[in-house]
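Sequences listed follow chains A and B, in order.
One point on numbering: in this note's numbering, the residue at position 218 of the first sequence is 218, and numbering is uninterrupted.
Residues are numbered in this note's numbering as their position in the second sequence, beginning at 1, plus a constant of 333.
Derived from the structure by calculation, the hints contain no laboratory data.
Just so we're clear, the structure is a prediction, and the values are computed from it rather than from any experiment.
Worth double-checking, as some hints may not be accurate.
[What the hints assert, rightly or not] As a list, the in silico BS3-like pairs of lysine-lysine whose alpha-carbon atoms are at most 27 Å apart:
1) A:K315 x B:K597
2) B:K445 x A:K298
3) A:K298 x B:K361
4) A:K37 x A:K5
5) B:K369 x B:K597
6) B:K369 x A:K306
7) A:K54 x A:K73
8) B:K361 x A:K306
9) A:K207 x B:K597
10) B:K528 x B:K387
11) B:K592 x A:K192
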Amino acid sequence: MAENKGILVFGEIAEGEFPSITTELLGCGRKLADELKEDLSCLLASDAVGDLSKEAIAFGADKVYTVEDATLKRYEADCYMQVADQVIEQVSPRVVLLGNTPMGADLAPRLAFRLRTGLSTDCLELSIDPETKQLMQTSSVYGGNAQAIFTAEAVPQIATTRVKAMSPIERDESRKGEAIPVKVTVDMSKVKTKVVEIIKEEVTGVKLEDAAVIVCGGRGCGGTDPYNTTLKELADVLKGAVGASRPPCDNGWVPEAMHIGLTGKIVAPDIYFAIAISGASQHMSGCSGSKNIIAINKDPEANIFKQAHFGVVGKFEDVVPALTTKLKELLAR
Amino acid sequence: MPINMIVCCKQVPDPEAPPASFKVAGDKMTVPPDVKPVVSPYDENAVEAALRIKDTLGGKITVISLGNNLTRDVIKKPLSVGGDELILLEDAAFEEGDSWATANALAAAIKKVGEYDLIFCGRQSADWNAGQVGLGIAEILGIPAVSVVRKVEVVDGKAKVERAVSDGYEVVEVELPALLTITSELGDLRYAALKGIMAAAKKQPIVWKPADIGLEPSQVGAAGRSVKLAKLFQPVRETKCEIIEADTPAEAGANLAVKLREAKIL
Numbered sequence: 001m002a003e004n005k006g007i008l009v010f011g012e013i014a015e016g017e018f019p020s021i022t023t024e025l026l027g028c029g030r031k032l033a034d035e036l037k038e039d040l041s042c043l044l045a046s047d048a049v050g051d052l053s054k055e056a057i058a059f060g061a062d063k064v065y066t067v068e069d070a071t072l073k074r075y076e077a078d079c080y081m082q083v084a085d086q087v088i089e090q091v092s093p094r095v096v097l098l099g100n101t102p103m104g105a106d107l108a109p110r111l112a113f114r115l116r117t118g119l120s121t122d123c124l125e126l127s128i129d130p131e132t133k134q135l136m137q138t139s140s141v142y143g144g145n146a147q148a149i150f151t152a153e154a155v156p157q158i159a160t161t162r163v164k165a166m167s168p169i170e171r172d173e174s175r176k177g178e179a180i181p182v183k184v185t186v187d188m189s190k191v192k193t194k195v196v197e198i199i200k201e202e203v204t205g206v207k208l209e210d211a212a213v214i215v216c217g218g219r220g221c222g223g224t225d226p227y228n229t230t231l232k233e234l235a236d237v238l239k240g241a242v243g244a245s246r247p248p249c250d251n252g253w254v255p256e257a258m259h260i261g262l263t264g265k266i267v268a269p270d271i272y273f274a275i276a277i278s279g280a281s282q283h284m285s286g287c288s289g290s291k292n293i294i295a296i297n298k299d300p301e302a303n304i305f306k307q308a309h310f311g312v313v314g315k316f317e318d319v320v321p322a323l324t325t326k327l328k329e330l331l332a333r
Numbered sequence: 334m335p336i337n338m339i340v341c342c343k344q345v346p347d348p349e350a351p352p353a354s355f356k357v358a359g360d361k362m363t364v365p366p367d368v369k370p371v372v373s374p375y376d377e378n379a380v381e382a383a384l385r386i387k388d389t390l391g392g393k394i395t396v397i398s399l400g401n402n403l404t405r406d407v408i409k410k411p412l413s414v415g416g417d418e419l420i421l422l423e424d425a426a427f428e429e430g431d432s433w434a435t436a437n438a439l440a441a442a443i444k445k446v447g448e449y450d451l452i453f454c455g456r457q458s459a460d461w462n463a464g465q466v467g468l469g470i471a472e473i474l475g476i477p478a479v480s481v482v483r484k485v486e487v488v489d490g491k492a493k494v495e496r497a498v499s500d501g502y503e504v505v506e507v508e509l510p511a512l513l514t515i516t517s518e519l520g521d522l523r524y525a526a527l528k529g530i531m532a533a534a535k536k537q538p539i540v541w542k543p544a545d546i547g548l549e550p551s552q553v554g555a556a557g558r559s560v561k562l563a564k565l566f567q568p569v570r571e572t573k574c575e576i577i578e579a580d581t582p583a584e585a586g587a588n589l590a591v592k593l594r595e596a597k598i599l
C-alpha cells in the first residue's frame, strides 16, 4: 500500500449547497495540509454533485473526488460506508476529517473501527506535530469540564470537528484544483437499514444556527408557556430566535430542534441571553462561542454568572418583561 | 416474539455535579467523594428502551458493564427496574481503555453471550463523550446499527426506530440483529419499585476477566488503546460578569437594556 499522505475531508451537501460544516472542514484541512506541505482533498458524495466541486476548490481543496449515485441522495450509513471505504483505499490519506454532525458522528466511528485506526470526536482544535507528523486532536471531555489532546499512530488518523469550531478560508474562485469523478458501485445487499419516512420538526421563524441574537431558556422556565410568551417577546424585539437547554426538551416543553448544547445545536450568536439556565458545562459547550452572554437567574451562585458578560440576579418573570419593554423603547428612538 | 436484548451500561462520576467539582490531577479527572457514581445517563435511556420492548413483547435483558471496582448499588440499578442478568467485565486490566479497547471487550463479551436480537448503548458516555463504543461494537460484530435513536419498536421481525437529526427525525427500519444507540428524548429510566430493589440486591452479577472473553491483558484497557491521551487539562475561562443592580428585579431588567445599548451591544 502506498504511503498515507495528505488530508481528506468528507464534505456534506444539504439541498444542493454546502452547509457551514463543509467549508469549516475545508478551512481546517487547508491549514493542516499547509503545515504538512501536502494536498487537501475533498470527497463529495451525492446523487448529483453539480458545481460543488468548484466550490470546494474555491474554499481550499486541491483535489475533489466526486461520487454520484442515486443511493447517495441522503446520508444512509450502509451506502456511505461503501463510498468512504473505496475512496479512502484509493486516496490513502494521512488524515480524514468529518463534521461532528448527524452524518459525520455516525460515519466516523464505523470507519475508524473498520479501518482499525484511531478516532477523536467533536474536536475543537487540530494541529500537526511537526516531528511525528501526527495529528494533535483537542476534544472537549467530561461534558465540557475538561479538554483532552489525543494522538494516534495508526493511519489514517480520523477526527470529527465540532460545528463552528473551525474557520473557513476566504472563498477564492481563482484557486486551481482538480475534480476527479470516482465510480463507486453501491452493493445494496450490504444495506441493512432503510429510511422509510423523514419528519421535519424545524421551528418557524429565524433559524437558531443563523440567528444573531438567541434567547435561551432553561429548566427554571418551568414549562412551555414562557417560551411562547416572555422569551419570544424578547426575541421578537431583537429579531432573534428562541432556544432551550436540554431539560426543557427532554421534558417535552419544547421540540428537540430548539436544543442548544453538547448533544444539541452549537451556536455562536452576537448576543446570547441565558434565562433561568444554571450554566452546566454540557450546555455551555453549545454556546460558549457567543460574543456576549447575558445571564438572568434568580440564584446569584449559578455557574452561568462565571461565564456571562452581563448579569441580572432575579426571577426571569420580573426581569425579562421589563428588559423587553425598555429595549423596545430604546430601539424605537 | 420474545426479544433477546443486551444493554451496555457504564459507571461514571455524576455529570450533573457542579462544574467546580471536576478537577484534573496529573492526567486524570478527579471528583470529591460527595460526587457519587451513577449509570451514565444515556445508558439509562438505553435500559428504558429495552424495558419498553420487554413490556410489549417479552424477552430477556442482559446488562453488561465494564470497569474496575464498580459500585454494586450503582451498577445493579438496571436489575432493579427489570433487567434479568448482569455481567461485569471487571478487572484492573480493563482500566483506562479508550473507545477501541472498550468496544472490543464488550463485543467479545456479547459474542460469548451468543444470542441477541437487539443491543442497546447510550449515544455517548457522560465522561469521555466520544460516542464511538456503540457503533464500534456493531462494526466488530458485523451487524447493522442506527445511532441517536429516540423511539424503538419491533415490527414484523424488524426494528422500526426514530433517529434524531438536526431538523427532526428519520423513521428507519433495520434488520435484526441490530445495535441501537439511544438518546435522551426516548425518555427517562423508570423508577425502581421496592420489590425490584430487593430482587436486585439478591442477584449476583457474573464477573468476567479478560481471559473469560478470550482476550489477553495486552488487548484491553490502557494496553489495548488505539488513541493515546497526550494531555488532559482544564482551560482557564475568565469572564468578568458585570452584575446590573437595582432596587427591584424589574428595574434591573430596564437598566440592563440601557447598559446593553450604551455598550453598543444592541
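How the hints compare with the structure:
Taking the CA atoms of K315 of chain A and K597 of chain B, the gap is about 25 Å. The hint holds against a cut of 27 Å. Of the supplied pair hints, the one linking K445 of chain B and K298 of chain A is violated, its CA atoms being roughly 53 Å apart against a limit of 27 Å. Between the alpha carbons of K298 of chain A and K361 of chain B the distance comes to roughly 34 Å, so the proposed pair goes past 27 Å and is violated. Simply put, K37 of chain A and K5 of chain A have alpha-carbon atoms about 10 Å apart, close enough for the 27 Å limit, and the pair holds.
Between K369 of chain B and K597 of chain B, the direct Cα distance comes to roughly 45 Å. Violation of the 27 Å bound is thereby established for this hinted pair. Using a Cα cut-off of 27 Å, the hinted pair K369 of chain B and K306 of chain A holds, with the two alpha carbons roughly 24 Å apart. Distance check on the hinted pair: K54 of chain A and K73 of chain A sit about 19 Å apart at the alpha-carbon level, within 27 Å; holds. Using a Cα cut-off of 27 Å, the hinted pair K361 of chain B and K306 of chain A holds, with the two alpha carbons roughly 24 Å apart.
Pair hint K207 of chain A plus K597 of chain B holds up; C-alpha atoms about 24 Å apart against a cutoff of 27 Å. For a cut-off of 27 Å, the pair hint linking K528 of chain B to K387 of chain B stands: about 18 Å separates their Cα positions. Distance restraint check for K592 of chain B and K192 of chain A: the Cα-Cα separation of roughly 58 Å exceeds the 27 Å cut-off, and the hinted pair is therefore not satisfied.
The structure fails to meet hints 2, 3, 5, 11 from the earlier list, while all remaining hints are met.
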